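Engineer: Here are the chains, one letter per residue:
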Amino acid sequence: MKIERDASGGFVFSEVEPPLVELFMAISAAADPEGSRAAQERLFPEPTEQKEESLRAEWDEFVRPELREAFENAAVMVEGDLEAMASGGEELTIPRDHVDAWLSTLNQARLALAARYEVSEADLNRAAAYPPRDERDMAVSQIHVYGLLQECLLQGLEAE
Amino acid sequence: MNATQTETKSQTKTALETPWNVVVHNDPVNLMSYVTLVFRRVFGFSKEKAEEHMLEVHHKGRSIVWSGGRERAELYVQQLHAYLLLATMERAA
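If you read the sequences in order, they're chains C and P.
First residue of the first sequence? That's 1 in the numbering used here, and the numbers climb one at a time after it.
First residue of the second sequence? That's 161 in the numbering used here, and the numbers climb one at a time after it.
Just chain P, with the same shape it has in the complex (with noise of 0.2 Å):
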């Protein structure tokens, strides 16, 4: 293998295995007592965890709510989208 497939090879294990984070983002419209539903049902957080990270969602604008493989990180988001919540998913720092 020479230098340059190495280095392409590296790049793309190093992009497989970034981690991504699932944020949510603030809305006004979406009821505190929803979105904790919401995260509970989506990703099994106890009530107390849930309503932390929906406290810091209305107070900061965002929370990462998980972070891991593309693949999973993908799956939520799509399923906080099919609960109307504004997710997005980013590549962790």
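In isolation and in its complexed conformation, chain C is listed as follows (with noise of 0.2 Å):
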């Protein structure tokens, strides 16, 4: 896989080998915390650690479903631009305004995989295995392509 800035900033990824096709085609499905507990509670974290009911009610009414609606339409950001993607072949652009929302949707998949298939930081640290085993071992590697593909984000940033 190739990483090249366009003219206008944005981040052009060509020769995506097809199992990084595959992989990036699923992390808007990966970033849906649906059906695990878990994953909703990671993403959707209580305020406090104290005993400030007023304080835990006022975000299940005004601020939980802001930052849905937020992670909601990142992800919808990035499934266009891997719509894009899969109808023309091995390359993916990240035009320069979507990079936020590639970074939020990216951190919502990586953040949901973890606490879905309780992956630790000794699991993180340790290679990954290929080919994966099972859908954990599968959850481990999304976890480190995802995590690469921020970091050149955040590094492209960096160098701005």
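Possibly wrong hints are sitting among the right ones.
[Claimed, not checked] Derived lysine to aspartate or glutamate pairs resembling EDC-like cross-links, with alpha carbons at most 16 Å apart:
#	chain 1	residue 1	chain 2	residue 2
1	C	K2	C	E91
2	P	K220	P	D187
3	C	K51	C	E66
4	C	K2	C	E151
5	P	K207	C	E158
6	C	K51	P	E250
7	C	K2	C	E90
8	C	K51	C	D32
9	P	K207	C	E160
[Unchecked claim] Now the in silico label distances, taken between C-beta atoms and shown as ranges:
#	chain 1	residue 1	chain 2	residue 2	range
10	P	A253	C	G88	48 to 58 Å
11	P	L235	C	E135	33 to 43 Å
12	P	A253	C	R133	46 to 56 Å
13	P	S206	C	M25	34 to 44 Å
FYI, nobody ran anything at the bench for these hints, they're computed from the structure.
The structure presented is a predicted model; accordingly, all values stated were derived computationally and were not measured.
Quick reminder that beta carbons are idealized off the backbone N, C-alpha and C, glycines included.
Using the hints, build the complex out of the two chains.
Structural biologist: Following this line, the structure appears as structure tokens:
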């Protein structure tokens, strides 16, 4: 896979290998915390560890719905870029103004996968099993690959 | 004003004035470079200060990144949650 910046500051990932294309296409599904209480709790954490019931209620009523909407909007933007990749072959373009949506969705995916499959720090420090033996191995691979993608974007932003 | 009213008023004032800490907790999944970026964006920290807090989170498990009024603390925690950091607010001891 080659990574370049285009004239408008967008990121262009070309010659993306088929296994990576497959993992990229799975980002928004991985980011969806539906069906996993642990993933939901990680994406929408409590605002305090203290006994502050009014604050928790406020969070439930106002903040969590806003966060949910923001996460969903970011994922929709990412899906749009992935659809363009699917129709154009092995090249993924992330326009500069989509980078924050990508950082968010990649992070949602990594956190939701780690929570859903109870992936620990020790798991992340071990080399990922290849080929993956089960869904959990696959989740660990996804977390690593999405992390690399995030790191590329972060380094690009840092260089601006 | 009687003694009870004075006491209640005083307690309310104390509650309003008690500073709140915004705390970021360690999360092994979030990238260190990402956490640094978020601190710079949300609090306007220099790169050095952002890295200092990020390393404190990483090594000590938590870092108090801001202290002040409740309303502003809520706003910061909301922003940190929007960036998917594990953040809470707590009354300062």
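Engineer: What are the numbers of the hints that this structure violates, sorted from low to high?
Structural biologist: Of the numbered hints, 3, 8 do not hold.
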